[in-house]
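One letter stands for each residue in the lines below.
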Amino acid sequence: MPAMTKVKGLATAASFAATLLVGGVTYASAEEVTLTMAVPDWPPTRIMKKFFDEQYKPKSGNTVKLDVDFIPWPDFYTRVNASLTSGEKKYNFIVSDSQWLGAFVEGGYFRKINDLIDADPELKATMESMHPAVLNAYSTYPNSTPNYYGFPQFPDVLVTYGRKDVLCNVDEQTAFKAKYNEKLPCTGEEIDAMDWNTFEHVGEFFQRKKGDKLAGQVLDDDFYGIAYQAGKGYDFSTSSVHTFVWQHGGGIWDETKAPTGHAEGVVNSPKSIEGMEHFLKLLKFMPPVVKTGTMDIFVSDQLFREGKVAMNIDWIGLAEASLDPKTSKVADKLVFGLAPGLRGADGKVNRTSQIGGQPFVLTTWTTPEQIKEAVGFVKWWLSPDIQHQFAAGGGQSAIKSVYSDPKYASYRPWDRAWANSLDWQKDMWHVPQFFELLTEQQDQYDLAITGKQDAKTTLDNIAKFQEDLLKNDGLIQ
Amino acid sequence: MTAVSSTLPTPRFTTVVAHNWKLAIAVAVVVSAVSMAGLPAAVSFWVVGATAALVAAAFTVNAYRRHYFGALLVAPAIAVLFVMNIFPLLWSLGLSFFAYQANQQTIRFVGLGNYVRILTNDLAAHATWGALINTAMFVVFTVSAQMIVGFLLAILFAKQFPLRKYLLILVLTPMMLSVVASGVFFTYYYDPTFGILSYVINSISGNQFILMSNKVGAVAGIVFADAWMWSPFVMLLVLAGLVSVPKYLYEAAAIDRISSWRQFWMITFPYIRGLLMLALLFRTIEAFKLADLVILLTKGGNDTLTISYHLIRIANEQNKTSEGAAISYLMLFMVIVLTNLYLYLANRRTQGA
Numbered sequence: 001m002p003a004m005t006k007v008k009g010l011a012t013a014a015s016f017a018a019t020l021l022v023g024g025v026t027y028a029s030a031e032e033v034t035l036t037m038a039v040p041d042w043p044p045t046r047i048m049k050k051f052f053d054e055q056y057k058p059k060s061g062n063t064v065k066l067d068v069d070f071i072p073w074p075d076f077y078t079r080v081n082a083s084l085t086s087g088e089k090k091y092n093f094i095v096s097d098s099q100w101l102g103a104f105v106e107g108g109y110f111r112k113i114n115d116l117i118d119a120d121p122e123l124k125a126t127m128e129s130m131h132p133a134v135l136n137a138y139s140t141y142p143n144s145t146p147n148y149y150g151f152p153q154f155p156d157v158l159v160t161y162g163r164k165d166v167l168c169n170v171d172e173q174t175a176f177k178a179k180y181n182e183k184l185p186c187t188g189e190e191i192d193a194m195d196w197n198t199f200e201h202v203g204e205f206f207q208r209k210k211g212d213k214l215a216g217q218v219l220d221d222d223f224y225g226i227a228y229q230a231g232k233g234y235d236f237s238t239s240s241v242h243t244f245v246w247q248h249g250g251g252i253w254d255e256t257k258a259p260t261g262h263a264e265g266v267v268n269s270p271k272s273i274e275g276m277e278h279f280l281k282l283l284k285f286m287p288p289v290v291k292t293g294t295m296d297i298f299v300s301d302q303l304f305r306e307g308k309v310a311m312n313i314d315w316i317g318l319a320e321a322s323l324d325p326k327t328s329k330v331a332d333k334l335v336f337g338l339a340p341g342l343r344g345a346d347g348k349v350n351r352t353s354q355i356g357g358q359p360f361v362l363t364t365w366t367t368p369e370q371i372k373e374a375v376g377f378v379k380w381w382l383s384p385d386i387q388h389q390f391a392a393g394g395g396q397s398a399i400k401s402v403y404s405d406p407k408y409a410s411y412r413p414w415d416r417a418w419a420n421s422l423d424w425q426k427d428m429w430h431v432p433q434f435f436e437l438l439t440e441q442q443d444q445y446d447l448a449i450t451g452k453q454d455a456k457t458t459l460d461n462i463a464k465f466q467e468d469l470l471k472n473d474g475l476i477q
Numbered sequence: 001m002t003a004v005s006s007t008l009p010t011p012r013f014t015t016v017v018a019h020n021w022k023l024a025i026a027v028a029v030v031v032s033a034v035s036m037a038g039l040p041a042a043v044s045f046w047v048v049g050a051t052a053a054l055v056a057a058a059f060t061v062n063a064y065r066r067h068y069f070g071a072l073l074v075a076p077a078i079a080v081l082f083v084m085n086i087f088p089l090l091w092s093l094g095l096s097f098f099a100y101q102a103n104q105q106t107i108r109f110v111g112l113g114n115y116v117r118i119l120t121n122d123l124a125a126h127a128t129w130g131a132l133i134n135t136a137m138f139v140v141f142t143v144s145a146q147m148i149v150g151f152l153l154a155i156l157f158a159k160q161f162p163l164r165k166y167l168l169i170l171v172l173t174p175m176m177l178s179v180v181a182s183g184v185f186f187t188y189y190y191d192p193t194f195g196i197l198s199y200v201i202n203s204i205s206g207n208q209f210i211l212m213s214n215k216v217g218a219v220a221g222i223v224f225a226d227a228w229m230w231s232p233f234v235m236l237l238v239l240a241g242l243v244s245v246p247k248y249l250y251e252a253a254a255i256d257r258i259s260s261w262r263q264f265w266m267i268t269f270p271y272i273r274g275l276l277m278l279a280l281l282f283r284t285i286e287a288f289k290l291a292d293l294v295i296l297l298t299k300g301g302n303d304t305l306t307i308s309y310h311l312i313r314i315a316n317e318q319n320k321t322s323e324g325a326a327i328s329y330l331m332l333f334m335v336i337v338l339t340n341l342y343l344y345l346a347n348r349r350t351q352g353a
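First to last, the protein sequences are chains A and B. Going by this note's numbering, 386 is the number at position 386 of the first sequence; the sequence numbering is gapless. Going by this note's numbering, 279 is the number at position 279 of the second sequence; the sequence numbering is gapless.
Hints in this document: simulated from the structure, not taken from any laboratory.
BS3-like cross-link-like pairs, simulated, lysine-lysine; straight-line CA separation at most 30 Å:
id : chain 1 : residue 1 : chain 2 : residue 2
1  : A       : 281       : B       : 215
2  : B       : 215       : A       : 464
3  : B       : 215       : A       : 284
4  : A       : 50        : A       : 372
5  : B       : 215       : A       : 456
6  : B       : 215       : A       : 210
7  : A       : 452       : A       : 471
8  : A       : 209       : B       : 215
9  : A       : 271       : A       : 281
10 : B       : 289       : A       : 452
11 : B       : 215       : A       : 452
One-sided and incomplete, this derived list gives chain B residues near chain A with beta-carbon spacing under 10 Å:
id : residue
12 : 101
13 : 192
14 : 213
15 : 295
16 : 297
17 : 300
18 : 301
Just so you know, even glycine gets a beta-carbon here, dropped at the ideal spot from N, CA and C.
Chain B extracted, bound-state conformation (with noise of 0.2 Å):
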């Protein structure tokens, strides 16, 4: 059934019609801007969610008598988006050109004066950039450490052996477990002195071995433990791939006396290309806003400070809010330009193929 476009007519902007939605807007922005102005902050909170409301319920009633009913399917998803995403996006936008404390009652425009502070102010912008280098390091390290475990894992799974079935279930634990709970676990593991990691390499080397207490060590610490968690989501991924390659191709493959070496590349590769570069893109952007381990591990000792947690200890810690807000404004400008690079290069490779 085709929907047929109503052949409702527009109502003038005055009359006084449910689906009016534009005298509904006007009417909004007007009774918001007198509430606000005239009525205290708890009661015009309430007044700019009525028009709200108003607005929305004009919209919707336009679109039902439209029929505009797709329109009408994806207007919860779209609401709820506005509310819980695109609305606190922008409004933290607008922040971070203020002076604003959460704890404090005072706000000031500042314009540029955040970024300008986070990125040259002698003592912030040092904290800044350091935790830049330290999360991009952490996402080259993390990341290439999954890629390269989960893929080889996946290449083990997709053959068959005897319990594989229990082997695979017990590989997939570590991602299902709780950040906390393996962050705590890791830390007893390479404790010095309760820990089974320094009780090995002691008893091997004589010497007492102390993990986290250099960089080296706490960045290999953490990596393991972020790898550990975080392998068997690409290995899952790239999983899927190899099982979907038709069999029959690596019998005509067989056939003709192809390397395996190739049939890797001609066969295998193409068909797990997509899901890998799936794997990459969310282990890149999930890995650009590591804090969970860091905190649990090191607290950001021997200069293991990610972007995320400087991140929380200004703005959560700290109460610097707009500051705050205009460092997770940098981060999303990072990940926006880290992704559609990604995005990009994948599908240049896609046309070249």
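Here chain A stands alone, though its shape is the one from the complex (with noise of 0.2 Å):
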């Protein structure tokens, strides 16, 4: 690997230069402090970083300054993992999406926030406050276990966008009740009693060729009732089918259950594969880019933004664009709900799905100085009045008074699905090997989505590969 070496080389030389000119700057004035941020660049980062420049005031008098590096996301963990394994200490402050934790703890990068919650009430109580599954989910490694390492950046849900010009027409209405016997979700409302059976009938009832009629107007394209993404990138068909296996009572390999807990019976389980299965039904009915393999979650936003489906299942830290008539042909068509949930023979839905969203984590080299402005920064920044200020320009809160407050729901229209949501989150691993089970995990889900192999083969492949990494690593017996 003689181009990563020789870029790690430098980068440790430049760290070298670089700590040694920040250490004197940092004591030649001691009031003003410089806290360096790694972000994914998109709205949730850019507000949060414009209300600081705009309004915070450091209690301790200091002068703070944010340094924030933007990055694209999906350069993100690239650039972030050559940052912290070359050794350069750049960064104070990382936003890390929740399964990098265990890679980046055990390698020394991200340091333990246990003695700072305790250290201070006011940042303890706030720790509290925010919903179980987001703190278990940015904040814990082990998984679930009272370790604390993040706090919640930004929080992000699965919902359903939906197009209202669509779906409230009255002949559709009329045509789908006709046809299944059920209403055509079209309020908020009906969307989130909606469950995967009528969100499949909505994917058939829509599929229309061009010169079809759609809502009483002729189609210059072809048109497709729903997308959900299933790409072959990052973690953008994990999402889903972790969604879907967890609501068959399937499962993940779960790590709080080990060294006992095991990958084969679990992951290819006739209760993993059914769920599998289920989410492969539905392929069918969405826009022919998915039979590539690269329907992720940007393509599926921009299927949706250009008015080429009726329905997508996206995060909400992907909406904002969606509102904005210059990047938006449906801006002014919108309508959200909660993310469709399984039916069960109770009638009760089972909405388990798989969390977004991203904590920021503080680094082991940050020095006493930055961490009390840095506590200081995560308190104002986790206070009810700047997370009502960011859910009102887009962003999410996880602490219970801001989000359970009424007029929270007002401020954007997805907001209304927020905390019906988060009861229903779940994490996948946090172990240090999550790239490498979710790199092989793509690939095989890749295979199924694309037609090459069943569900069974594709959980069975994956089982034996999680089975055997997971052995060698001493995480299973």
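These two chains come separately, so use the hints to put the complex back together.
Okay, structure coming up:
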């Protein structure tokens, strides 16, 4: 790996120089503190920076500067990973996807924050006011133990994006009722009540060819009912497959049961296979790009904004662009609701879902002075007033008092689905091996999504791989 | 002016003079070893750096005093080459014999373990061989497409016709675009909903056409994009050969009424053969490292994972640094073998002619 080593050597040299420089400056003027932060470049982090510059007054009386590196999403992991493993020690604060925690905690880069929480009653109260699903997903390693590493920066869930003009059209409503003997979901409440069967019907019902009629208009291009991430990159099919597997009562390898829990027999259990088959069944009603294995969250979002689908399930983090007429052809036709779930025999809907969103974490080389300011910043960020402003500006909050406030749901059209989604959220693994688990799984899912193998073979292969890998690393006995 | 070899006597090993490079090396080795053993890594890094500078300075003074000006002139280039290329190369060779992950603080000697793993382990080797076979396939297809298209374009542009200058600039544009821009462009071009390709075929056949939904289509898509970008490069080289052919040879051939086919083989081809070989060599090495277009267009889906992309995933994403080093050495070995085979064939032809 000559190129990488080269970069690494250079980075090391550069970091030493940087450490010397930064060190010198910090000692020269004690009251100016700079926090360097690595964040993905999208609205939730841009808003944070804006609020900070406009409003933040540190209580310590120091001058605090927030130096933010905005990194495009597709590059984000690679850049953060390279920065951490090269030892350049550039960032004090990193927005981290929750799955990365184990890898970077074990590497000695992410700082445990239990001592900070215990030392600061105000911070402790803030952390305790957080929704437990969010806290577990964003903060804990090992998963769901009281070992805390992160503060929520932007919590996120999957919601259903819908097109009112199509869904609420009287002719379509009548035809749908006649065909499936149920109401075509049109309002937010109706979408909230939707299960996968109805979602599938919407998919089947709205498959239209060029020249067909849609809501009274003749189409100049093909139209599709539903879109949902099923792409090979990053976690763009894992998020949806996990959701289905969990709802059907199947499972993924559960790190909280290590080392006695297994992958073999869990990952490929009959219930898991059933869940995956259910997911695969929906693909045929989605836009044709799904057959290429590249329909990720950005592609399905674009299809929705270009007006090619009636419903899309996607992260709230991407929704802001659909509201803006400059980037969305459906800006004035939007309706949002909960992501669909699986209706059980008792009529109750199971909505267990893969959680999205990111915490920010402190790095181990952050100085006590910087930590003091960082905690001050986090408390300010998680204070109800700022969290309300964040939600009003397109973000989300996991603080109970904030999201249960009646005015919360009025900020953005999707906010009405937020509070009710939280209880259902679960996260994938936090172990250091997550990227191997993820890439292998994504490869296998891709084979199933593009029709090269069935659900059983796929999950059998994944189970075998995980059992082998985790056994070698001592996580399975 | 001839450089007079100086009569500067070789100093005794223990004499402290600026040009005693042997003593400098000895001091550097001892000091480095002591500092690495006794000082924290952050400090010993600089100590080792300083001793390297000391050795370099001793060499420089020695060369200067002995009037080795040629050596002094190439020294900066050698130094850069060593720091940026040779040292990392050796370092990563060393790493490939250890179990080391960039995000962990432990390291353990495993000998040839990484090589054995990537070539024989039932899970890891499967991926390696699959990626190698795909890479070989891409090398054959992309290089032959580029050579053929580039060659034909060169033949075309060797002639004079109206607007030639402007068309030439246009044809050269793809080569100058960033790969990412081209990749995104082709993503849209092939997209079944937004893309023009599916739009045209759909309106002719009436069926939904999805290029990238199977291996044949995905490979064709990547090969086309790569050929689009790099055929101009081949063209440029061949064109340089074509315009260097003296006109009088053609005139003489015309007087002798030699067929244009024979003219090509007897006159043109010998002039461009070297450049064709060069183009072939460059493009083969580049094609062997193909990863960017695969990442942009398929993410390795439809069985298009190449060895380079596999390497990126292992070394950069999964942080399996030493396994990555072993794979890159496997790649390096193959490229060297391939290159030398080319050069051997090229030389044999030249000598035979």
